[in-house]
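One line per chain: the protein sequences are A and B, in this order.
Just so you know, we're using numbering that gives the first Met the number 0 here: the first sequence kicks off at 0 and counts up by one.
Just so you know, we're using numbering that gives the first Met the number 0 here: the second sequence kicks off at 0 and counts up by one.
FYI, nobody ran anything at the bench for these hints, they're computed from the structure.
Just so you know, even glycine gets a beta-carbon here, dropped at the ideal spot from N, CA and C.
Any given hint might turn out to be false.
[Unchecked claim] Computed list of lysine-lysine pairs in DSS-like fashion (alpha-carbon distance at most 27 Å, straight line):
1) A:Lys8 with B:Lys133
2) B:Lys91 with A:Lys2
3) A:Lys16 with B:Lys91
[Unchecked claim] A few chain A positions that, by computed beta-carbon distances, are all more than 12 Å from chain B:
4) Ala36
5) Asn65
6) Thr192
7) Asn206
8) Met216
9) Gln226
10) Gly312
11) Leu332
12) Gln333
13) Tyr405
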Amino acid sequence: MVKFFKLVKNEYIKNLKKISTIIMLIVIVLSAIGLSAVSAIAKHEMQSDKNIIENADEVSLYQEENQWLEDTKPDGYKKDIAVNKYLEQKGFKPDSWQAAFAFNVKQNFDESILFAVLDDVIGGGDWKAACRALSDNAVNTAQKWEYEYRLENNIPFGDSWKDEVIESVAAAKSTIESVGDATDEESANNRATAEDIEKVGLYRLENNISENTADAMSLFDTYEADQVTFWTVFFQSTSLVSLIGLLIIVIAGSSVASEFSQGTIKFLLINPVKRWKILMAKYFTVISLGYVMLALLFLIMIPAAGLIVGFDGVSAPYVYVSGGEVHEISSFLQAIKLYLLNSVEVIVMATFAFSLSSLFKSAALAIGSGVFLMLSGSMIVQILALFKQDWARYLIFANTDLSVIYNGNSLFPQHSLTFALIVIALHMVVFLITAWDGFVKREC
Amino acid sequence: MNNNTLLKVSHLNKSMGGRQILHDISFEAYAGEVFGFLGPNGAGKTTTIKIAVGLLSLDDGSIMINGIDVKKNFEKALANVGGIVENPEMYKYLTGMENLKQYARMRKGVTQQRINEVVELVKLSNRINDKVSKYSLGMRQRLGVAQALLHRPKVLILDEPTNGLDPAGIKELRDILKETAHKENICVIVSSHLMSEMELMCDRVGIIANGRMIGVHSLEDMISASNSKFSEFMIRVDDNAAALAVIDVAEDKKKLVDGVIEVSLPTENADEEISRINFMLINNGIKLYTVSQKENKKLEDVFIELTEDQKGGGQIG
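Could you put the whole structure together from the sequences, leaning on the hints where they help?
Here it is, written out as structure tokens:
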């Protein structure tokens, strides 16, 4: 065992003394900083867009709408005008929670009661009395649940994150109600999604979790500056794992082949060490270097995202539903999970390049085919899936993106995680046997 | 089997690409000697050495190093071997010292002190911390020797070690090899295609040509083979025909070459014979101008004679 680690140490020294490896590490650091910087710029842009809207004169917005209502006279326009005037008079901006509340409840009441309720809730009166009235006048059970829940748990209106969560749970409940017992696929999916939202929402309310990083959307799907947080950027950094994949293919592809091309293989193999041990040390080094790079990216992302985007919400947990149960884990743990899921592709491609490396003695060929397949593999599978070629599910590239398969978004129906892992394992065995055959039995 | 046998090659056969490269190669090398492995380019020297250190597989036969079969117990057998095969190519982006440390980690019992010792021995101390990419071929060759000596191997196998060395470097290397072989009682095996080189450092020489072992000779044998029982003398006189008739040695021992008479005389009493011939010539009125001894055959000539019988030679280096 000591001997094996000495062999690994040799391989590490060889890799780390190469300028190319040092450049790779620098590229990883720079890409982490770059991603954070781009996110910060995007956030800044969204912020200034929002500011332009907010700077619009709110009074004029109410007046404009009233003018339009007067002109078109839709049903109940008189009540709408009255509400707008009420909000304008009280000085609540159109994007305030008070305005949203008024908008939500105005169809539930006659004008006579409506303003009493509004006074109670947003004018600082007896919100519980208003809540009871709201409950009595609820249009569906989901709405009724919302007001009763507020009364029961003493949650007044205007508590921004709780309002949001309560509304999302109410919306989920109303979805579940409307789907009913329908058994078609779409309804079932909608029901399952709504049930998850309900469970997570209730869990957050019970445990007073103001922020859930599971809601952190992809950077590319966000338009609200508030949603570009530490964790949005951090989770986005998993896309940089592919970059590490490319770098590791370069290292794996030259691991064995460069010994041949530089002629150092003879001095390596003349030592009293069996060839398979040397090969294993090389493979272990390649794979572990991949994880060293992942760890480096992870550790650099913390200060990079924190200092450039901000540490707000860094302690928020990740709350999700799995197997019908709500789980709460640290967001750091979730980020590690995401990194590890993404690393599977890196390992598979590195193993592939490694086997080519010992088969062809040519680093360029091994690196070239590894990179080409990594970049084109998923595209090839997509095209095959498009033409309903179901056998393509047996291809390695259809199985490496575990997070997609795990979430049930695979291109192939009934594509389970177990199936993917078996396909990956079989390919890995083939790759390693090829490497073995190319190295251990080679005449040199 | 000799108790001191450190390398024993028995009935080695090897084919590559459908062509048989080695035919039944057998020889032994002993502790305390420098064994020369001599043959023209492509005779199979490097192939034999590569098989001995496990770089190539063997079809048939066996290699025993210090009594351990290389095929059956590679790690234990190779623990006794140090070597350079073909060119001394090391990691260019590492320094000489870093390279040596790489090999030290793969072998047992190599201390930093030992590393410094071999560096001193091959006279690389002042350049050992430079990158190998800056080394000359001679320096890389010396680094290769240092690498081979690191773990105090019992068998040192060097394939064409004088390649790229200047005359002073060759002499140094020769001294290092002789000294280590004789003082530390190890077996040094050196391959070369130059007899003149072997002459100066080897105790015994194995000659290989066209994939076959032609013979193993001690250097002393070869020297005495060249100093055969007869010595050649050239006699210049005024009347060759008369002189040939007068000189009373067997017909096949005297001949006329380029106007000079050449005679073969038994080496042990050549002086007596010459004075007798001198006497006879003078008695018969033949004028004697000069008598001179022809130089002995060089070992190089013996080597060429031996290998020329094996027409062609191999093509694989």
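Hint by hint, here is what the structure shows:
A C-alpha spacing of about 24 Å is found between Lys8 of chain A and Lys133 of chain B, which places the hinted pair at or below 27 Å, so the restraint holds. This hinted pair checks out: Lys91 of chain B and Lys2 of chain A have alpha carbons roughly 24 Å apart, not beyond 27 Å. Of the supplied pair hints, the one linking Lys16 of chain A and Lys91 of chain B holds, its CA atoms being roughly 10 Å apart against a limit of 27 Å. With a cut of 12 Å on Cβ distances, Ala36 of chain A stays outside the contact zone with chain B, its closest approach being about 33 Å.
Annotated as non-interface, Asn65 of chain A keeps its C-beta farther than 12 Å from every C-beta of chain B; the closest such distance is 77 Å. Taking the minimum C-beta to C-beta distance to chain B, about 55 Å, the non-interface status of Thr192 of chain A holds against the 12 Å cut. A cut-off of 12 Å between C-beta atoms confirms that Asn206 of chain A is not in contact with chain B; the least separation is 54 Å. Its beta-carbon lying about 45 Å from the closest one in chain B, Met216 of chain A satisfies the requirement of being farther than 12 Å from that chain.
Interface exclusion of Gln226 of chain A from chain B stands, the closest Cβ pair being 47 Å apart, more than 12 Å. No beta-carbon of chain B comes within 12 Å of the beta-carbon of Gly312 of chain A; the shortest separation is about 45 Å. Non-interface status of Leu332 of chain A relative to chain B is upheld: no Cβ of that chain comes within 12 Å, the nearest being about 37 Å off. Gln333 of chain A, annotated as away from the interface, keeps every beta carbon of chain B farther than 12 Å; the closest lies near 40 Å.
Interface exclusion of Tyr405 of chain A from chain B stands, the closest Cβ pair being 42 Å apart, more than 12 Å.
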